[in-house]
Amino acid sequence: MQITDIIAAQARYARCIDTDQLEAWPGFFTEDCLYRITTAENHRLGYAAGIIWADSRGMLEDRVAALREANIYERHSYRHILGLPLLEDEGPEGVRSETPFLVARIMRDGATDLFATGRYLDLWRADEAGAPKLAERIVVCDSSRTDTLLALPL
Amino acid sequence: MPDHNLPETALPHGLTAPPEVPWPEGLTRVPYWVFQREDVAALEQTHVFRGETWNYLCLEAEIAKPGDYRATTLGGVPILAVRDHDGEIYAFENRCVHRGALIALEDFGHAREFTCVYHAWSYDLQGNLKGVAFKDGINGQGGMPECFRMSEHSPRKLRTAVVHGLVFASASDTVPPIEEYLGDEIMERIDRVLGGREVEVIGRFTQELPNNWKLYVENVRDSYHASLLHLFFTTFELNRLNMKGGLIVSESGGNHVSYSAIDREAEAKAKAANDYAAQNIRSESDYRLKDPSVLEGQDEFGDGVTLQILSVFPGFVLQQIQNALAIRQVVPRGVGRTDLHWTYIGFKDDTPELRKMRLKQGNLVGPAGYVSMEDGCVGGFVQRGVVGASDRHAVLEMGGADASSTRTRATEASVRGFWKAYRECTGL
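Chains as they are written, first to last, in this note's numbering: chain A, 1 to 154; chain B, 1 to 428.
Careful, some of the hints might be misleading.
Chain B stretches covered by chain A per the calculated footprint, using a threshold of three residues with CB under 8 Å from any CB of chain A [unchecked claim]:
#1 198-212
#2 290-299
#3 364-377
Result set (DSSO-like, lysine-lysine): computed pairs, CA atoms no more than 27 Å apart in a straight line [claimed, not checked]:
#4 B/Lys356 to A/Lys133
#5 A/Lys133 to B/Lys290
#6 B/Lys290 to B/Lys356
Honestly, the hints are just simulated from the structure, not real lab data.
From the three backbone atoms N, C-alpha and C, an ideal C-beta is built for every residue, glycine too.
The following block holds chain B by itself, in its conformation from the complex:
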């Protein structure tokens, strides 16, 4: 029998057994047990996904009209995001308060109200319980007791916020407003891609990753691996030496932007020196694209930025790789499984040429992407590699020990930033 008089053990809160090794001070070490333990995964559900965080749910464009809804998740929790007739977006658990069944079974749709299939309890578009079948019984027999008040029962509701057409939600009443949570620099970079635009979904795919969700979100923030793991650009001599770029890490550490842009000054100089070709490319391989039209993208944002990867803690990514724009939502499915939901987007006012370029450059990303397919398997290589090494740790020293913005992408600063925010959230 457990002795309830004993004080709580000295375990970090939420863990059911001591960690294999303590987590070293600082941001340069990550113990592998954090990718392997059921109790850590459970702790993340309460302290990360349902903790002091904002989580991406869907695009505003996906629930454009009153009554439109999408079934999505916050961590592992099923959520309904709904547009009501007041024009506002509401989010609540997709869970009937009666016996816990899912309220909506479709991934998306249009509804006047939601009715649970099990016993026909019904909800309005804001998640308020509005009807209980046979509430007053039949012929005076049965029914709910007098004291039952529908207003006292509803699925848990979430705070929602919309940022340039992106719907975020939080289970926390104390999380700062979304603008503060993201920070000015991240807000600006979301605005750069989505500000004032009408988004149109052009494809939706789910990639099942054989690894812990944190290995994927680390990978997204890891600007160091890009040119080393993804060899497509170098193999076909598409790398440009005259690129400039950098890394923005938010104050919290959890949000980041990695970007690269054409350095127009360097390009002009190279042209003037008539050694453009020599300056422009590495010449280590004999491979050339047969159809290079895949890379004839437009500078649609007018700033020469050809790549911008933006992440928001914990599981949101906004991607611009040339004209390939996508939202990625990272959803844990247990310790060693992750769902990566891709939503490919364009804008309502895309010219036919630009839209076609988005489709073509879609080849760069997604489960078969020239520069992203490796990200689908590399997390699994780590997950399998660290079996038996839960007392060891990853080394994150590239570019120093801090988690701040920098002009180089040869750094792990934003990976360290993720762990900074993670440890703050979980207390691990």
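Next up, chain A with everything else stripped away, as it sits in the complex:
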């Protein structure tokens, strides 16, 4: 797995969410993935709970279905700006990377705010075709605060 493959996967991931292609979002993960949104404080203290906590691709698909069909929230979108991924050496589990992000939230009335900053702590594994998939993505938000609600994934 090359760093360029991971950069490309990151870019596609951000575009997927920002262009409202949420149905494709679980496809970035392995079947038995771990996806968790937490905060820097929780991460530092080793608290295991998440704002979102999913340990299967099925749970991510359920999250999308709930957002589409069940949950009620005001229409909004995100703009992800990703920093450069910092790659660690490839281990038996896969490749670990750390990528800073900044997400603006654009509400239906046009109000745009900085919604979240943080870093993705990722574990990438190549699928059968050699494409990098997320076996793990821990989204560590810098702030301990969430404005109003978190509907769309980060």
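Let chain A serve as the given structure and place chain B on it in line with the hints.
Below, chain B alone, put in the same frame as chain A:
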């Protein structure tokens, strides 16, 4: 120039201008000005949060060892909750008596004493002033006057009480003891979840709500909205018709429990009639969870109760949604802003399976919760909706006009209960 010889105006005490409309008698109307006015917010600080109430500060487990402290708030007032070496918990304002600076700057930690950074005045773990830098001056010059007594100065201290590991505090010397304030039924329901257990924090999140704090605490007590606003369970056909439930409202009105449980008798009958599937679910949608393990919770309290939402006036919530347990602390941050502090908990003796279920079912609650994310925005919808309607009021007639316990949750009895306690406290 104001004429000080005139008697106090006929304004309800604490208000700086007459209310847009009088508050109608009874509990079924709530004027919208109560969510909009600065003077009401100021009145609440003195008469609700620092009035005849008990306010949640933190978990006993968060200040387990002598010297452990947490910085928290009582209404808007910064407070330190501290465990001293006598094993007792003390709470006092996080405010130096010298010039008013915060004494502690961290959210939590461990201390032998507290020293204000501004001029190094120091306090013991009970909030007593113990040291004044350069008290006797330098080389006989300066220093505090002879008559200055450290014992005459300390930040205001609060009464504290611990209920099954929950630390409450009151600024009032006359508020009844916590057990009386909560009432037997509320005490029992706290005991049901926390009694005899060793709590462990598993996560802590803050949700900023774009609305007055009372719109959130109304929402918590509003059992009527649950199946209407939160569509997660119905969409995925997870509603069970054979559920029973009810609502407990304390004598004061301010505290409540809303609960639902599996009705084992109905369930057994349905099974016997071999129409379990037909009885069990509504079949209005085509959606199914891909990974239904999120709902394979354990009956950890052994009573079939799958949901218990408990509130204590003014701003405390204890939540059990299946195995997702959490404390919510509601803190006003001005007329139209509220901080909702979530503390997700488990118990020290959780099996790995149960702990994992708590993490999974954490998806139901919090800022991204399947059955709670709507509560984060609906208060804002009201706050924005009532702009220009301060002379109008909300209608709270579902389930009658009183604020008493009932077997149905299709009622606004506990919302009316909140307003009963609120009006008692504020005199509005």
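Structure-based check of all given hints:
no.	hint	in the structure
1	198-212	holds (count 10)
2	290-299	holds (count 4)
3	364-377	holds (count 8)
4	B/Lys356 to A/Lys133	holds (24 Å)
5	A/Lys133 to B/Lys290	holds (20 Å)
6	B/Lys290 to B/Lys356	holds (18 Å)
This entry satisfies every hint, going by the numbered hints stated previously.
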